[in-house]
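Please work from the sequences and hints to get the whole structure.
Residue numbers (the working numbering), protein chains in the order written: chain X, 938 to 1226; chain W, 266 to 581.
If you're looking for bench data, these hints aren't it; they were derived computationally from the structure. Using N, Cα and C, we set each Cβ at its ideal position, and we do this for glycine too. Some clues are possibly wrong.
Unchecked claim - Quick partial rundown of chain W residues pointing at chain X, CB under 10 Å, derived from the structure: (1) Thr398; (2) Phe539; (3) Phe556.
What the hints assert, rightly or not - Cut-off 16 Å, straight-line C-alpha distance, at most; resulting in silico cross-link-like pairs (EDC-like, lysine to aspartate or glutamate): (4) W:Lys423 <-> X:Asp996; (5) W:Lys380 <-> W:Glu472; (6) W:Lys330 <-> X:Asp1077; (7) W:Lys423 <-> X:Asp993.
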Amino acid sequence: MMVSAAPQRSRTARMLRRLPWWIAAVLLAAGCLMWIYPFLWMIGASLKTTTEIFRDGLDVIPNSPVWGNYGRAWSTAHFGEYLRNTVIVTVATVVIVVIRSAMAGYVLGRYRFRGRRVVLVVLVATLLVPTGYTIIPVVDVAQRLHLLNSLAGMIIALSGGAHVALTLLYMGYFRRIPKELFESAQLDGAGFGTTFVRIMLPLATPVTASATLLTFLNTWNAFFLPLVFTFSRPDLRTVSVGMLAFSGEYSTDWPGMAAGAAISLAPVIILFFVLQRYFVEGIAGAVKN
Amino acid sequence: MTVLERRRAPAPTRSRRGGRHGRTTLWVWLFLAPTVGLYGVFTVYPILGSYWYSLLDWDGFTSTKSFVGLANYREVWHDPLFWSAFWHTLLFMAVTVPVQVLLSLLAAILLNSPKMPLARIFRTALFLPVATTTAIVGVVMQSLFDPANGPVNVFLDKLGFGGGIDFLGSSHTSLWTAMAVYVWKWLGITLIYWLAALQTIPTELYEAAAIDGASPTRLFRHITLPLLTPFTIIITLLSLEASLHVFDLVQTMTGGGPYYSSEVLEIYIYRWAFTSTIPRLGYASAAAVIFGLFVFVIGIVQLLGVRAARRAGVGS
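Encoded structure:
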């Protein structure tokens, strides 16, 4: 009896041992459905008529796609304009922030100079300060510098917001680069700027990739600053501000809202799928450091 | 480019040591200038400026300011809506952070196991909302949680719970709905933090312990948990900080309503500074300063906690 039961018990045991993983997988799958359903619903709704959305309930697939919703969102609701503004603001901000963080991180990581500690202490101290709470002085400064109600002003203000973590990320990276490499560059007669641009910056490509992605994400998704910078210039709204305005003006136009949302989210979502690995590595890198 | 060319030419003629040193210092500050300038104007000055502004009676960015001392603080202190916003912010933090951190840890442990089927797809799905724009998510959620036609209510109705719940329009549920959406939106980022942390644990450790006959629960308790402790602190810290920035989500989902029931401090400040018929910038600044100090205290407590944990780690 013992002999015949043993293998059977082990097979059942193996299945039992595997069972928790399958239960976990089913639970996770249910959870993940909750995570992606809003996106499916949004895409479905963007191709339906209003009556169809109200009638369909949970069903996301439209009867016959109403592409006109996209046309309405693009031109009547100005999402084309909003998208253009967002692209301009995001690209410019990313370039400025990444370059300035790399430069600052480079000198803070490689050089000892008078004032270094002060700069570092100020940077680290402000890490903890929530930016949303400084919006009034930010707007006041922008007002006095005539930066309000312009895309350029928005870019400058966004570039000056808290991106301390990126500077620190670059600093840590540049500090770990072996000294020999640095000295050999100097022996070759490369100047300060040349060493940075030709040798150091290319070495920091992984950090630059993370920094670019994180800044892109932050800026594309920015809301508070673009909101208060465009109060009197609706034509300068970014997609997130435009979305809020749209929901206020046409609260009943669900298909238009969904189409506007799809237009605004498409660039980030496409980029996310293309560069998923880098997104994950960039964020993971931030916590490891 | 021209600067570089010019710089190289006269170099040999100068006294080698002193000239290079002086020039290096110049370069260093040149490299710091954009950060110091931009950061100084748009981050450091605003932080310090808030204190001065909070002492002013000032009803619009273009109108004149007059010094009123601590009057704004007195008024903020006696405003029940300030305290309710303060409470909402705290509650938001106290509820979402533990839920987010623990739920994502659970998901990360499952997804990190080589035995888990479809782990990559699950990870992508859970991370997707992180990449999306919060303000847009907020507006879409308004429809999803609509009491009459929103899919959430349709789903609850089908499950037999009865639909028609006005998630965002009722003062009992609005804040809680915002919290739920917040966790939905940001779970993926803590998940990635945890996965990164789990990957630092060498697999040999598990293999060795498994050979010694340790059960999975013991593996978890004696290997995974202790090695995760330093990450737990960082991840909790990052999550706490993030939970103080919910303006985008709450403003687009509820606008702080109904009847201020989901008003968090950022919205309180925004309301007084930008949307009230007569803006009160000094008053809003006072509220901001009080909250800034509160955040600062939390930050200090966290730092002390980190230091204590480190010392404990070194001691063991």
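| Earlier hints that do not hold, by number | none
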